[in-house]
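There are 4 protein chains.
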Amino acid sequence: MQEIRQRVAENFARQGLMRTLGAALELVEDGEVHISMPFSSQLSQQLGYVHAGAVTSIVDSACGYAGLTRAPAGHDIVTAEFKTNFMRPAIGERFLAVGRVVNAGRSLAVCTGEVRAYTANSVEFKVVALMQATMVFVATER
Amino acid sequence: MQEIRQRVAENFARQGLMRTLGAALELVEDGEVHISMPFSSQLSQQLGYVHAGAVTSIVDSACGYAGLTRAPAGHDIVTAEFKTNFMRPAIGERFLAVGRVVNAGRSLAVCTGEVRAYTANSVEFKVVALMQATMVFVATER
Amino acid sequence: MQEIRQRVAENFARQGLMRTLGAALELVEDGEVHISMPFSSQLSQQLGYVHAGAVTSIVDSACGYAGLTRAPAGHDIVTAEFKTNFMRPAIGERFLAVGRVVNAGRSLAVCTGEVRAYTANSVEFKVVALMQATMVFVATER
Amino acid sequence: MQEIRQRVAENFARQGLMRTLGAALELVEDGEVHISMPFSSQLSQQLGYVHAGAVTSIVDSACGYAGLTRAPAGHDIVTAEFKTNFMRPAIGERFLAVGRVVNAGRSLAVCTGEVRAYTANSVEFKVVALMQATMVFVATER
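Protein chains in written order, with the numbering used here: chain A, 1 to 142; chain B, 1 to 142; chain C, 1 to 142; chain D, 1 to 142.
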């Protein structure tokens, strides 16, 4: 896992969008990755809540990295498609995207993810978004 | 349409994320809205291409505004869910999200969208992402 | 729950497709419904396994009935949309669709479901399909 | 195309579910396939309309065969996942599923489909369902 954690951390550091969104890598375990994002008005939709696109961005990355922990040797991972339900407005001071691998085959991985909204100093959360995604393992070009 | 165009433009101006992504409203017609976004390394995924989340953000907004042009009086629109396929890496100098209403009922609208990638000075494009989305009309609180 | 169980059972009995597929209602709890379906060559795709459409049919019904257990009084439920991943061929002697409510609001419910494949006399199963669905509560016409 | 048409027709004839649903292959062109299905109470949901699962089954097959017309030599096709929106009740005397390839890569194809409902003797139709699907090309085992 140490090698995978380092690989995920280096990969995450290259994602300009994660930096732009203020996102941080919080946990990398076998088949599960967490990414956090603090609230910012720079991420808002028209009502001031966090835009579905920002919510989706962090849970897509969390799902992708969860899949990467199960990638065959010499393979990277890219998103083939995802579907996200938005169950309530993304209101909170901090958001945590949790991505998990449900099944990893030779060429495809199926992942599920959720985004949790926290208010200040709270350990309780509300799930604001639910993702089901298909990732593709692609051989690393050398 | 003039009233709707103004309403969409004002709504768009309140979306902090669109500003953060460098996105601009390009066209508002009945049932169809276009949003552009120039390439920036601040939107990148690990390979330097535009992140699926940024691509999704602009086409979600385009679909939502397309739906808004068909909203019943006194109603706003929010995204219930969307599904996006990523057909090739989002490589380009400029991206255009095209959102269209397929069906608008009393409470739900179904929209489809695509994101087109353009290279410099080109009129030709490649479709990098395809969205199918469900939007909900919500009565405006007063 | 007894009233809801009866309502679900009566509703299920009216679904001609469930009868055609050989499906049976197995469990109705608050927010969770199970539907079983034995293997039959009448449900096959080209390789002799169960067709994705049959698999989807039972998990759609399971999700819908799970949502129905949370419907506001005087409301029925219909499927707005679903997304299903097929993780492995639907090979087995018996299939069980498990539908669960993740979130039920005033007008929409988000459900997840899975279809489990069992071989003869086995208690072990493999998950062959994963669904994420949006259901709409509609006022019963009187 | 003649060889592909014959391959699709033979493959379709092996799908037990298509026979069970009363479905028929109507058109096979490069990248586009049509499948029809007459109304039957054996396909119904609780209100007597055609069940979302039956609607989905024919458009899944139509999308799959559309993808098959673009499969690399020596490859079959299976459904990785699909997402279907149901825009209105499936009321009609005859249904036609239209599946089209949007993009075919080396390992994946993205397809879109719709299901049209016709009343008796009518050439006009209403689109009752919209699909966006991901298909996988798999090497034929020999």
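None of these hints come from the bench; they were simulated from the model.
Check each hint, because a few of them may be wrong.
Here are the simulated lysine to any residue pairs, SDA-like style, with alpha carbons at most 20 Å apart [what the hints assert, rightly or not]: (1) A:Lys126 to A:Arg88; (2) B:Lys126 to D:Ser107; (3) A:Lys126 to C:Asn103; (4) B:Lys126 to D:Arg116; (5) C:Lys126 to A:Ser36; (6) B:Lys126 to D:Gly105; (7) D:Lys126 to C:Val78; (8) D:Lys126 to D:Asp76; (9) C:Lys126 to A:Arg70; (10) A:Lys126 to C:Lys126; (11) D:Lys126 to B:Ser107; (12) B:Lys126 to B:Glu93; (13) D:Lys126 to B:Val101; (14) B:Lys126 to B:Asn103; (15) D:Lys126 to D:Thr140; (16) D:Lys126 to B:Asn103; (17) B:Lys126 to D:Gly31; (18) A:Lys126 to A:Arg70; (19) B:Lys126 to D:Val101; (20) C:Lys126 to A:Gly31; (21) D:Lys126 to B:Glu93; (22) A:Lys126 to C:Val78.
Status of the hints after comparison with the structure:
Between A:Lys126 and A:Arg88 the alpha-carbon distance is near 9 Å, which keeps this suggested pair within the 20 Å criterion. The suggested pairing of B:Lys126 with D:Ser107 holds, with an alpha-carbon distance near 19 Å, which does not exceed 20 Å. Proposed proximity of A:Lys126 and C:Asn103 is supported: the alpha carbons are some 11 Å apart, at most 20 Å. At most 20 Å may separate the alpha-carbon atoms for a hinted pair to count; B:Lys126 and D:Arg116 exceed this at roughly 29 Å.
Distance check on the hinted pair: C:Lys126 and A:Ser36 sit about 32 Å apart at the alpha-carbon level, beyond 20 Å; violated. Under the criterion of a C-alpha separation no larger than 20 Å, the hint pairing B:Lys126 with D:Gly105 is consistent with the structure, at around 14 Å. Between D:Lys126 and C:Val78, the direct Cα distance comes to roughly 18 Å. Compliance with the 20 Å bound is thereby established for this hinted pair. Between D:Lys126 and D:Asp76, the direct Cα distance comes to roughly 32 Å. Violation of the 20 Å bound is thereby established for this hinted pair.
Between C:Lys126 and A:Arg70 the alpha-carbon distance is near 19 Å, which keeps this suggested pair within the 20 Å criterion. Of the pairs offered as hints, the one joining A:Lys126 and C:Lys126 is violated, with about 30 Å between alpha carbons and a cut-off of 20 Å exceeded. A distance of roughly 19 Å separates the Cα atoms of D:Lys126 and B:Ser107; the hinted pair therefore holds under the 20 Å criterion. A distance of roughly 12 Å separates the Cα atoms of B:Lys126 and B:Glu93; the hinted pair therefore holds under the 20 Å criterion.
Taking the CA atoms of D:Lys126 and B:Val101, the gap is near 15 Å; set against the 20 Å cutoff, the hint holds. Between B:Lys126 and B:Asn103 the CA atoms are separated by roughly 26 Å; this puts the pair beyond 20 Å, and the hint is violated. With a C-alpha separation of about 38 Å, the suggested pairing of D:Lys126 with D:Thr140 is violated against the 20 Å cut-off. Only pairs whose Cα atoms come within 20 Å are accepted, and D:Lys126 paired with B:Asn103 is accepted, the gap being roughly 11 Å.
Straight-line distance between C-alpha atoms of B:Lys126 and D:Gly31 comes to about 18 Å, which keeps the hinted pair within the 20 Å bound. For the suggested pair A:Lys126 and A:Arg70, the alpha carbons sit about 28 Å apart, so the restraint of at most 20 Å is broken. Taken as a hint, the B:Lys126 and D:Val101 pair is honoured in the structure, with Cα atoms around 15 Å apart against an allowance of 20 Å. Between C:Lys126 and A:Gly31 the alpha-carbon distance is near 18 Å, which keeps this suggested pair within the 20 Å criterion.
For the given pair, D:Lys126 sits about 39 Å from B:Glu93 by alpha-carbon distance, which is inconsistent with the 20 Å threshold. Between A:Lys126 and C:Val78 the CA atoms are separated by roughly 26 Å; this puts the pair beyond 20 Å, and the hint is violated.
Violation of the numbered hints given earlier is confined to hints 4, 5, 8, 10, 14, 15, 18, 21 and 22; the remaining hints are satisfied by the structure.
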